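In the order they appear, the protein sequences are chains A and B. Per this note's numbering, residue 18 is the first one in the first sequence, and the count goes up by one each step. Per this note's numbering, residue 8 is the first one in the second sequence, and the count goes up by one each step.
I should point out that these hints are in silico values taken from the structure, not numbers from a laboratory. Hints are supplied without guarantee of correctness; some may be wrong.
[Claimed, not checked] To list a few chain A residues with every Cβ distance to chain B over 12 Å, as calculated:
1) L25
2) T26
3) V42
4) G65
5) C80
6) T104
7) D115
8) T120
9) G158
10) I165
11) F176
12) D229
13) G232
14) A256
15) F262
[To be verified] Cut-off 16 Å, straight-line C-alpha distance, at most; resulting in silico cross-link-like pairs (EDC-like, lysine to aspartate or glutamate):
16) K510(B) <-> D52(A)
17) K507(B) <-> E72(A)
18) K635(B) <-> D150(B)
Just so you know, these numbers come straight off a predicted model, no measurement behind them. For every residue, glycine included, the Cβ atom is placed at its ideal position computed from N, Cα and C.
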Amino acid sequence: MSNGNMNLTLKVWRQKNAQTAGKFVTYKAEGISPDMSFLEMLDVVNEGLTLKGDEPIHFDHDCREGICGMCSLYINGHPHGPKRAITTCQLHMRSFHDGETITIEPWRATAFPIVKDLAVDRSAFDRIQQAGGYVSVNTGGVPDGNAIAIPKVIADEAFNSATCIGCGACVAACKNASAMLFVSAKVTQLGLLPQGQPERYRRVQSMVAQMDEEGFGNCTNTGACEAECPKEIKLTNIARMNNDFLSAKLFRQEEIHEEQHGGA
Amino acid sequence: MSLDAKIPQGPLAEKWSKHKFNLKLVNPANKRKYDIIIVGTGLAGASAAASLAELGYNVKSFCFQDSPRRAHSIAAQGGINAAKNYQNDGDSVYRLFYDTIKGGDYRAREGNVYRLAEVSVNIIDQCVAQGVPFAREYGGLLDNRSFGGSQVSRTFYARGQTGQQLLLGAYSALNRQIHAGKVKMYTRTEMLDVVVIDGHAKGIVTRNMLTGAIETHAGHAVLLCTGGYSNVFYLSTNAIGSNVTAAWRAHKRGAFFGNPCYTQIHPTCIPVSGDHQSKLTLMSESLRNDGRVWAPKTKELAEQLRKGTLKADQVKEDDRDYFLERKYPAFGNLVPRDVASRNAKEMVEDGRGVGTSGFAVFLDFADAIKRLGEETVAAKYGNLFDMYIQITDENPYKQPMRIYPAVHYTMGGLWVDYNLSTNVPGLYALGECNFSDHGANRLGASALMQGLSDGYFVIPYTLGDYLATIGPKKVDTSHPAFEQTKKEVIEHVNKLLALKGTKTAEAYHRDLGHIMWEYCGMARTEEGLIKAKGLIKALKVDFWKNAKVVGENEEVNASLERAGRVADFIELGELMIDDALMRRESCGGHFRVESQTESGEAKRDDENFAFVAAWEFKGENQPEELHKEQLVFESVHLSQRNYA
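Given these sequences and hints, build the entire structure.
Shown next as structure tokens:
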């Protein structure tokens, strides 16, 4: 436990909606306990604003335990703030010092339009998943769970990719606002597992096509996404996705074509 | 009005299959003529939406988050039970059923719980088929671990993120149907009322959280899958957005509320550190597989630990009281949640609590690390340990975690029959939103099970029966009931926006939470509950006089959203107090101080309280009317729970 409260200056991006221009507004955050989370610090500031009759700063958040992926915030130039491998809700004020000025901005990407202040619209991510990020299986009529044996290392590897929380930090970190780390995580998870094989090549094509349509940029292997990912999703996922994508383009046309037309 | 739970006749093991056969079917070609409204996209909502759309129904799915993937089911950590007996350790459908009935302190329905145990087996298969990366053994088969309240290893898991993986599985099934055009998804949309026509639910009224537009949606049935209401306590392990509004508004439109006071207190949460805290974080119950719970043997040692003059690892083995292992040798640290929670509270009340506040006991991994090595412990629980480090700035690999009970799950909810139908025809409640299956206490790894059971395997059958009965005649929003309900919703919104007092909704929420935790939390007395009733009544009056809401309706307005939810929580709080007052017995997590055994365990009163309390709303500020559904136990004998 740390002691002693802090006084901070916040430079916060305020923007009414996607149609209105935004600007930085400066606020004081006073008497902040180092044990507060970053979002709890904003709660305190917001309570003060509300009591004055001002509009509170709007930001997305929900579970506040690092798993729902709803919280965002670009803090001092980093998605989810300065610490590695955590979300904003798990960032605590002990990571800052008394008297510090903190700059808080929304994710900035064409494919993520501003909702209000610090919140952006990430529905593009949902549409990419909808394009094929699943195994086509109906409820019921499935084999026994143990009928599909999966080597532990494969299951673990698939799990590592499956931990993506869809927060969008990878996009925010990327100079091209590329969504490839996000997309590749799902592609890899299902591509590694036997259940994902039947649609493997079709999946990667559909998801990549949707990703492009949403206006995300390209990957130039800079690695900022991996460095800023709160769940430490690896760049190797992108390599796997590229591999499957290329394979689909060069060798699997027939298979994909047939599937898209409902097979024989 | 009499309550008919519609539990099928006949032997326990045949109830569900017979019932499925007896339910009416909707011809596949007719299914596309029906529109189903589903509110909430957690395990219950997403699985129901996907399954019903697969069958051919038109589904409209709603959530208040920016994406269906954010539903709070995603935060569940430990695992999901299934009676697979893969471990050859004596598990069976009957044993899972029995453990659940007993764990729920004989306040759940036999029929429902048996069905849950039966269906549990299919849930795992379904999730595996979707690509959920469950933990595997080196041989490639599914791994299991054990959880509180059972002596077999039946919990399937995906590290400490089982809920996340199960939800992403259901979300992917939902996505497939959105892509196929069978589900229309409405995100950032909050349900504010149910439209009831001739006694049947025919639609909902929603608020678009981006534009403030109050909209109406019609359907042949409405399914509420909106989760629990633990946030009535302000501090809980629930997501900040979790609320009771949809369920509460449905209650005010006629749906009975079942066992509202049944709250589960989870024993292993990170303790509260200060007034600023917005939520509590759970450390999965699975940690008690390897972690040992202890408190210092004497008050003097506890005092030194609190002051920091003594470190936990300096306390000699002889000076430690592993109280759960001592009192419950058969179950040890894996006793059910209510038992573990009460014992931690006793330690604190005995002056043996640790941490700066004194409201904590230790959960120690030193032995496990010695036995298994740090690497193995990290592989099993690493993400939880990391989370603990972030929040407390302490390293649980080096010194024991500090834990204390916190509100985690609500077993109460809208009353439903065996078909998951509320008493309002056409209005269904699934998952944590309903009251059923858990009884007075929920065992670990059973919430995920119920959410998915309801969504994947129960509602697709039972809903069809209702739809076949009413027929596919279109309902549409031109009916005057829609306009009327919408008008009332707008009035309510305007009333909230007109609140220009001096206190934020958040501050009222905090006050409500204090009252609820103090008087309706881990232990309750008649005196305390009567006091709380008065306090909440006064809080409600004050809220509508002095609350402050800023902004306007026609835009994103978190202040307005919060105020609406807090207003509903206050009303629910009143009902919870009434329910707790009425139930003059202890059961599960609901501990009435006046009703305990000589050894201090919860003492039930089966003669007078073996019933489900179903409350009927009778108008604003009127006392609610209690209806009783008598619980019938044909297969298990009611006995004092004993985990020694």
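- Query: Which of the stated hints cannot be reconciled with the structure, identified by number in ascending sequence?
  - Reply: 4, 5, 6, 9, 10, 11, 16 and 18
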